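> Line order of the protein sequences matches chains A and V.
In terms of the working numbering, the first sequence opens at residue 1 and continues consecutively.
In terms of the working numbering, the second sequence opens at residue 225 and continues consecutively.
There may be inaccurate statements among the hints.
Said to hold, decoys possible - Far from chain V, some chain A residues (derived; all Cβ distances over 12 Å):
{"hint": "1", "residue": "D69"}
{"hint": "2", "residue": "K71"}
{"hint": "3", "residue": "R117"}
{"hint": "4", "residue": "L159"}
{"hint": "5", "residue": "I212"}
Unchecked claim - Label-pair ranges, simulated between beta-carbon atoms:
{"hint": "6", "chain 1": "V", "residue 1": "A444", "chain 2": "A", "residue 2": "R213", "range": "39 to 47 Å"}
{"hint": "7", "chain 1": "V", "residue 1": "L461", "chain 2": "A", "residue 2": "R213", "range": "47 to 55 Å"}
{"hint": "8", "chain 1": "V", "residue 1": "P506", "chain 2": "A", "residue 2": "A138", "range": "39 to 47 Å"}
{"hint": "9", "chain 1": "A", "residue 1": "F43", "chain 2": "V", "residue 2": "Q524", "range": "41 to 49 Å"}
{"hint": "10", "chain 1": "A", "residue 1": "P147", "chain 2": "V", "residue 2": "Q524", "range": "20 to 28 Å"}
{"hint": "11", "chain 1": "A", "residue 1": "A72", "chain 2": "V", "residue 2": "P506", "range": "35 to 43 Å"}
Unchecked claim - Over the 12 Å line for every Cβ pair with chain V, so calculated as not near, a few chain A residues:
{"hint": "12", "residue": "S35"}
{"hint": "13", "residue": "N58"}
{"hint": "14", "residue": "L60"}
{"hint": "15", "residue": "A61"}
{"hint": "16", "residue": "K67"}
{"hint": "17", "residue": "K101"}
{"hint": "18", "residue": "S106"}
{"hint": "19", "residue": "N125"}
{"hint": "20", "residue": "P147"}
{"hint": "21", "residue": "D149"}
{"hint": "22", "residue": "K201"}
{"hint": "23", "residue": "K202"}
Rather than coming from a laboratory, the hints here were simulated on the basis of the structure.
The structure presented is a predicted model; accordingly, all values stated were derived computationally and were not measured.
Even glycine gets a Cβ: it sits at the ideal position worked out from N, Cα and C.
What follows is the residue order along each chain.
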Amino acid sequence: MKILIIEDQKELLKSMVGYLESENYLCETAADFQSARQKIEGFDYDCILLDVTLPGGNGLALLAELKKDKKADGVIIISAKDSISDRILGLNLGADDYLVKPFHLSELNARISAVIRRRYFGGQNQLKFQDLVIDLLAKTVSVNGKPVDLTRKEYELLLYLASNKNKVVSKMAIAEHLSGDSAEIFDNFDFIYTHMKNLKKKLGLAGYQDNIRSLYAIGYKFEV
Amino acid sequence: MKLLNKTIRSYLVYSSIILLITIPLFYVVVRHVLLRAVDHSLKAQMREIRNNLSSIHSRQELEIWSGLDKDISLYTEPGPAADSIYTLYVANPRHHHDEDPYREIAGTISVNGQFYKLVISSSLVENQDLLGSIMIVQAILLILLMTGILLINHRTSRKIWMPFYSLLNDVQHYDLHKNNELSLKASRISEFNELNQVIKNLLNRNYEIYLQQKEFTENASHEMQTPLAIIQGQLELLMQTVPLTEDQAILISELEASNQRLIRLNKSLLLLTRIENNEYAPAGPADIAVIVEAQLDSFQDHLEKRKIKRIEKLEARPVVQTNISLMEILISNLVSNGIRHNIQEGILLVETGPDFLTISNTCADKALDAQKVFNRFYKESSDTASTGLGLAIVKRICDMYGFQLSYTFDDHMHSFTVKFEH
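In isolation and in its complexed conformation, chain V is listed as follows:
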């Protein structure tokens, strides 16, 4: 749930509850007040009539008087009874289905010793109309008020949380490899300023550690180059010594192989740090198909040796803006990968599309772990010739130029696809 929705939701719930409770409550209260006012007036009328009874002396006079007011009815009554007030529903003479409410007061009066029941009635129809109007006005007012409050609250919340969202956006787009500066707008709200500062410090610390690590790898690789070169040289001198027995020859050969592996590993590490240091100029357009052909040719010996069938589908000739040396390394790594993990008399399939390159190879084993396959030193086989850095380098180059690199496994074929469009 979004932060803004969260605060507004509480307001909305509260408003709805208030609205739902107040409207019926208001209705009941107003109705009660109006009814009391009617009752009051009826009682007052009754009192008035009783006070003025002294001026009426005969039954005729009483009937004439009561006939003057259609709200007053007169009935003969055997004896005195207490006053009563009640609501009566009378069928509407025009609309037979409707019943109009009336409030009536009934009381006994005596004229010349004779008791009469006097009923005064008052229509409640107008009161009901009034009540209806009041309710409508009340409801409109309440709804206006609530929506107004909600809107204002939404706007102010958005404004208040703006620095937070801009910070969130910045942090989302932060890339440790590039260490792009966060804009971090200053806010009038001190908590946000603090948050900005804390995140800035955190990222700076991370970046420093990252730099140190990178520098360490770089220095370590550089420092290792010389001793590796010395070992290489001395081994070659050792080979020339006479006499050279077979045992010695095998030992020297194994030493040289291990040393070569170290040299290779070291070169790969150096290459990775160089890519991370952006030491490769952005360069120009690279014709992928041309590079693929050249790389496949350079591996021809290895392909022939293992009788691997090379299938090229290079009709589409994507041209990509990138550094050509890095693209050569990328393709070379994928091709050598496809040869190394291939089977005898297997297939190496290279396919280009308008915006992609796919290199697939047959294999004896099962699918690789797609999550880990691009990690450094991830090895599925125990092949000692593999540095475990080849695919990590490919991934890093793809990241650098915004290419999408993916791995799929289908029908005993490993496939690596580079999508050039973002």
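For reference, chain A alone in the conformation it holds in the complex:
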């Protein structure tokens, strides 16, 4: 999978590349409007991460060009602007997703895989880990063909960890992913433990060997 990251902040670019490359994505980068435009015109990407404010031009203009040329690249806007109108503007221009800076890399990764799945795996939209199958369309989970009854939060939690498999995902990233903005207001992540405990219990009862590992104080890791 080939990803183009358009971002003018070098350190931020570096950390994104670092995280995504370890996920076996092939990353190319562009730090300004001109080089981004050349790369978009010259190559096809599975997903483009697009910063809006770029030296030499507005990222949204690149998005407009991309859509005019009827290119099928998935686009995720990464922007410091978090107002609803900015989001709507970006999505109306044809972006697949909109992520507000600063974000968790695990969140970015989950969004990228969602975009890529939507684009390439059409009908059979499933994630398989040995006996465990996550059906992304029906939003159901089954072990050895037997359905596991999960709550919405538990399903989201499992999918999030699975999207970042073999990565340490911090409690804060999980909390933010599960409860959106309301997570920001509390330093107390106890509610994650409850969901995690229930999820592990349900998977265990269904006969799936538990591979979600808790890592000290930081968070969790879905090991495959």
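Put chain V on the given structure of chain A with help from the hints.
Chain V alone, transformed into the frame defined by chain A:
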């Protein structure tokens, strides 16, 4: 005391004093003048009679003559005496209670070697009537004059001070957040023009400083976003490094928590500046109860975790003209506030009325300082998760739409009420 009343009051005091002094004074003076005129005429009469005595030769003639004039009385007198003038009060023959004043002159005359006392009297009743009339006319004139002066003065003062009052009104309605233009009418009075100019300059300077500060906060927040994002990214990469010891994991976790707090704080500051910059369109009708339900649902995890009982009284469904995102932020801040400062197994009560929303929560501590509770970075607890900006944001949103925000403490419950009507 009002400025106009102040000037008029001095005039009024002065007028009253003059009025009180002049009326009796005038009375005394006029009375004196009239009396002197009567005396003069009496003396002249006496002189006349004495001059004409040579034509009278006998007692009979004298009695006949004196009988002709009822104002003249004649008495026999043993010897000559000096002339005397005096006032006499004689009972009125018609009204026995009244005494009419008379002025009399008494002098001695001699006819054929015999001395007689001659008394000429003159009634003062008419003089008194005249004096009364003069006094009434005088009093009416004075009162007319005073009230006239007062009225004219009041009107001119009002006219003169008009620019001052209009300036006062303008300054009272001035809002730094909106920087509404002052009308400041030009006046023919140079002092007022100067005052206008001075105030205009003052406000402009203030507004510039305010803009600079706002811009500073905005720029600072924007500039901080990128380094915060970088720290966040690097920390997540650091988490993936192998081997990761427990000590390292704890350090990274604490770093991430602090960084998240900074990110949150920064977001709140940005939000405040955006509200102050009017970056939120006025938007349309917002159903408060719907937003409340949605916000309460989004906090369900936190409510359950702390076993907080959620009580909703949302029968009244106020619909308010406002920006929906801002209303969501407002309600979300109040709800999270009510959860954060709640107790284990406490109560979160949300109530709507036709024109208000109240969010109350049980608490372990005492009442907050109602004066400071909406200030930025005002913290009663040492809760590090709190940015200290939540209620400041709520207050700012309320100010923007003219809602009344109030805080009350009753029976171990903190209550925040937003009144939507002005």
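> Next step is simple, just say for each hint if it's right about the structure.
Here is what the structure says about each hint:
| no. | hint | in the structure |
| --- | --- | --- |
| 1 | D69 | 30 Å, holds |
| 2 | K71 | 27 Å, holds |
| 3 | R117 | 22 Å, holds |
| 4 | L159 | 17 Å, holds |
| 5 | I212 | 16 Å, holds |
| 6 | A444(V) to R213(A): 39 to 47 Å | 40 Å, holds |
| 7 | L461(V) to R213(A): 47 to 55 Å | 19 Å, violated |
| 8 | P506(V) to A138(A): 39 to 47 Å | 42 Å, holds |
| 9 | F43(A) to Q524(V): 41 to 49 Å | 46 Å, holds |
| 10 | P147(A) to Q524(V): 20 to 28 Å | 25 Å, holds |
| 11 | A72(A) to P506(V): 35 to 43 Å | 39 Å, holds |
| 12 | S35 | 19 Å, holds |
| 13 | N58 | 16 Å, holds |
| 14 | L60 | 18 Å, holds |
| 15 | A61 | 21 Å, holds |
| 16 | K67 | 26 Å, holds |
| 17 | K101 | 5 Å, violated |
| 18 | S106 | 7 Å, violated |
| 19 | N125 | 27 Å, holds |
| 20 | P147 | 24 Å, holds |
| 21 | D149 | 19 Å, holds |
| 22 | K201 | 17 Å, holds |
| 23 | K202 | 18 Å, holds |
Violated hints for the displayed structure, listed by number in ascending order: 7, 17 and 18.
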